[in-house]
Amino acid sequence: MRVPLGWLRERVDCPEDPQILAERLTGRGVAVEAVERPGAGVQGLVAAEIVSAQPLADTSRLSICEVRAGRRAATVVCGAPGVAAGQLVPWAPPGARLPGGRPIAVREMHGVASQGMLCSAAELALPGGHGGLLDLKGPQAVGGKRLAPGDDLVAALELDDPVLVLELTPNYAAHCQSILGVAREVAAAFDRELHPLPVPELPPAGAASVAVEIQVPDLCPRYVAVTIDGCRPATTPVWLARRLQACGMRPLQPVVDVANYVMLELGQPLHTFDRSRLRGAIHVRAAAADERILTLDDRERDLAAGDLVIADRDGPVAIAGVMGGGRTEVRAHTTNLLLESAHFGADSVARTARRLALPSEASGRFGRGADPEACRPAAARAVQLLALVTGATATATTDAGPGVPPRLIPLRTARVRTLLGPGLGAAVCTRTLRSLGFSVAAAGRGRLRATVPSWRGDVAEEVDLVEEVARAYGYDRLRSALPPGASETQTPGPAEGALATAAASARTLSLAGGFSEITPYSFHAPADFDRLRLPADHPWRDAVAIGNPMGEDQRLLRTTLAVGLLRTLEVNARQHRTDAAVFEVGPVYVASGGARPAEPVRLGVAGYGRLRPSDWHGPADPVDFWCIKGLFEALAARLGLEDHLTWRPAAGLPLAHPGRAAEAWLGGLAVGWACETHPEVIDTWQLPCAAALGELDLEACAAAAQPLRAVRALPRHPASRRDIALIAPRHRPTAELSAVMREAAGPLLADLRLFDVYEGERAPAGSRFLAFSFTWQAPDRTLTDAEVAQCDAAVRQRLAGLPDVRLRGAVDDGSHT
Amino acid sequence: MDTPREGPWEALVAEALERIAAADQPDDLESARVHYLGRSGLLTQALRDVGRLPAQQRPAAGQLGNAARDRVSTALEARRAALAAGVLERRLAAEAVDVTLPGRRPVLGHAHPLRQLRAEIEDVLGRLGFATVEGPEVESEWYNFEALNIPADHPARAMHDSFYLDLPPGPEGRWLLRTHTSPVQMRHLQAMRGRLPVRMQAPGRVYRRDDDATHSPMFHQIEGLAVDRDLGMPHLKGTLAAFARQMWGPAARIRLRPSYFPFTEPSAEVDVSCVFCGGGGCRTCKDSGWIEILGAGLVHPRVLSAGGYDPEAVSGFAFGIGLERVAMLRYRIPDMRLLYEGDLRLLQQF
Ligand SMILES: [Zn+2]
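Residue numbers (this note's numbering), protein chains in the order written: chain A, 3 to 819; chain B, 666 to 1015.
Check each hint, because a few of them may be wrong.
To be verified - Capping the alpha-carbon separation at 16 Å, the derived lysine to aspartate or glutamate pairs in EDC-like fashion look like this:
#1 B:K951 / A:E25
#2 B:K951 / A:D154
#3 A:K147 / A:D137
#4 A:K139 / A:D153
#5 B:K951 / B:D936
#6 B:K951 / A:E35
#7 A:K139 / A:D154
What the hints assert, rightly or not - Here are the in silico distance ranges between beta carbons for each label pair:
#8 B:R997 / A:R4: 25 to 35 Å
#9 B:T765 / A:A780: 50 to 60 Å
#10 B:D876 / A:R234: 46 to 56 Å
#11 A:R734 / B:P691: 18 to 28 Å
#12 B:A759 / A:A500: 52 to 62 Å
#13 A:D539 / B:G838: 27 to 37 Å
#14 B:P691 / A:G811: 40 to 50 Å
Rather than coming from a laboratory, the hints here were simulated on the basis of the structure.
Don't be surprised by glycine CBs; every beta carbon is placed ideally from N, CA and C.
The task is simple: from the sequences and hints, build the whole structure.
Written out as structure tokens, the structure reads:
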């Protein structure tokens, strides 16, 4: 809602400074978003009569005019068409400024000293105009007054009037969508009285009355129809057009402009019919399913059963509160009108306007709840203005419908004290509610009864009254205290639950491992799955789709973190980064057969290049398969799962290099994967080199986590170390060999560590050298050399039994020969 | 050689001292020691010769000889110490590094600003007694709207505001991506089964169909909820004032303006005094001295009822804060989308 200040001041005294007004209104919940000054800078314009106008010699289109403004007279050269003696026009004498601040001076034109300029509507930033000078004859000044030569135009036409721009919340939208509504708030805020708006009575019903039959009184409780005769063709007065323009509406045609003006002023939407085209009585009824109507915008529209329509004998003539029909549209030469000022149900109008995608100033007001008591005053005001503008007179009024009874709401003062503070008793409630137009009466011990003013349809129950009391009293005046039992210095409890712990560990370890955190969108494009080389039946493709995505690249809910990770790598590769390492802890959305998808939280890690650019200390660790796997291993260790997490070559990972991809398992459950990218994926995602990435299900890890409950006793006897070196086929997983050796080693094995893998040229073809370090230890004694030798021999003996493995000599010197 | 004479000793000592002084390598010094004090060194020989002197001359000559030997070995020792010090000095000098070269830093990742902020707010609210609770992102219309007093024809439920999922509707209506963290209020109230007091915070991702420099289809909120007997606006104000002080320093103040949310009444927009100008007015606060940070209000009675609490017996307050807005203000991030893109040039600044 836009509120021209001059218009507002007609109804209530406002502070001189619009900023103070804006702040006070905002503080009461009527948010003023801005104070605009569309005509800022304008000054010194006056009305002037053209005494004579002669073509200027040697020019085809300039005139030399003698003008008179009060006691001033001057010669002005003018280039506008149609300039003639006797016209009353705007004159900007030297020293004046146009809107925007452009200064006017004496100008030498073809040997004549032109004393300023005569102005068109456009030059004054006013609507309308036809290129010629603005005609100031008629009721052009504010309030319908006539102008005389010498009158100050800045005041008379409100050329520098500021406009308050309101951003209304749904609950205040209804009653503040008019000058009157805002004036009521101003009056309450500053404890002022509204200025009366004297309006003549509507004529009674009579011979000319048009019959009105309301078939659905719950959707239309009130329908006022006024017959108006004798409209003469006219132009909309400047002040009225300017106020419409300041409110953001385009002036169209005098009758329509008056209807819109009254709507803006009083909040009551009006409609005018060309009475010569109406056939018989007015029926307010629900549309039939197959009915159609040609609307004002020249479009044939299908009505839905239940749409509220205004109809005559020949069918619908308007969609109630939404848009008029083309058949009865008021045109330039319409002389007899039927003015409709009715109250339509908010839900019905909103629904129809939404279905037809026809939002309008009228449907916006009805849809938020108009004032049922405004029908007659608004009709009377429109009659008054139509008389002024078009010379028409009202002949008869039909006032149909039961109306809307006022709403009574009880208010318990104890409730108010609980919710707003101990100081707010019956006296405060009464005073604040009355300032807002409620009537308040005592209704027994600790109870008040408030009668809601007709324009506050949003106030429906006790809590609404509490809110009205709070905002009228002032939020800033309410007390401030911590809830009982709270203090600012409490220690926060630790985040609860195994998942929170696992997620926190995942973040900490990833950050410590050199990966930076990202928060990509939770969406995918179906094409992303192709970019991951997923076959049609790959389980990741079973994603939940968004019915109304913002774009094709956001159609699916993600089923893997891989896409967000790779998109991030892609973004960074585009910046020519040679190194990137990122992670995310967040949910994926797993379809569960049409029911609510599960949202398991995962750790996703990805990168390429090295953990940071090489510097003079040398290169950092590469971001490769081992880097991802190592991070997951470290996390597993942190969660007490070091001995439970196992790895197998991965088969179902089409995005992966087939030889560098593994699945992580916890017991019988696949909980994650790690890989380096397939060469095609490198190309598709435009990465500079192979990326490594992986995903780990934190919920599964959290469920299996074994938090440390008791420490192991520290060994009190020294350990012995023995190494075993062997040659094994390259494809033989070391995990298998370790398992065999562990089993053979027996209980005295304290630690088994693979400390060297050699696959260089000195190794026989298809084989590699492996070197393991065994730590032997007993809790209760120092092992003798003989005992250690026995253990060592047991392992070697088992290894010797493996057909594809060969033991090697000592490798303690570290050489591979 | 009738009488003890100093002459020969003096000459020998002088010569030895000269040679010791000239030795500038440990090897030179060692050969000087051998030359004078070795088993067949000159001084050793001379001392041995004393034994062959007549008996009455021996004590005096022996005394002189011992003194000479002591002087030479003292000089040797001193020179040895000096040379050792020099060697160490040279070694240390050779081992010096350019201390202005960059150090070897641990390779550390950078925490995302939104997560840092979330942790900070969670901590502050945690201190005020609000325990963290999380809820699902895929919500039903009932939890996201109806239970929160947002009826079916409310504009917020229009298709253009929410992401609806291609799933068959359940008993609680269609499925959508939650548009706020408020459904967690409802789930928590139900889980608490009428117990008091309720004091929870719900951080998380939320979704709306919006995409420009200050809006994103996915963003983050933290929601706070307190329910107890006799809670009211003063407690909301007190809690938010404490929150503002903890977040933005002891001078931070708050201002409440009446506003509208379906799930609270009375409702308020909450401004915090501008942290950039202290309230005097600047570009960030558009010269108002205030920055809008939160939405808040008293829990609507219908929301309490939906959560299984009797609105006649208890009351409460709720507030919600958008993390992106706070992060963008704090770090002067010009475009919200930068927070989701993962450009490391940005992330590495945190
Ligand atoms: Zn500021």
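Hint check:
1. B:K951 / A:E25: holds (14 Å)
2. B:K951 / A:D154: violated (35 Å)
3. A:K147 / A:D137: Given pair A:K147, A:D137 holds - Cα atoms ~14 Å apart, limit 16 Å.
4. A:K139 / A:D153: holds (12 Å)
5. B:K951 / B:D936: Satisfied, since the Cα-Cα distance of roughly 13 Å is no more than 16 Å.
6. B:K951 / A:E35: holds (12 Å)
7. A:K139 / A:D154: holds (15 Å)
8. B:R997 / A:R4: 25 to 35 Å: holds (32 Å)
9. B:T765 / A:A780: 50 to 60 Å: holds (53 Å)
10. B:D876 / A:R234: 46 to 56 Å: holds (53 Å)
11. A:R734 / B:P691: 18 to 28 Å: violated (58 Å)
12. B:A759 / A:A500: 52 to 62 Å: Between B:A759 and A:A500, where Cβ atoms are some 56 Å apart, the hint holds.
13. A:D539 / B:G838: 27 to 37 Å: Since A:D539 and B:G838 have Cβ atoms about 32 Å apart, the given range 27 to 37 Å holds.
14. B:P691 / A:G811: 40 to 50 Å: Holds: the Cβ-Cβ distance is about 43 Å, inside 40 to 50 Å.
Hint compliance for this structure: hints 2 and 11 are broken, all remaining hints hold.
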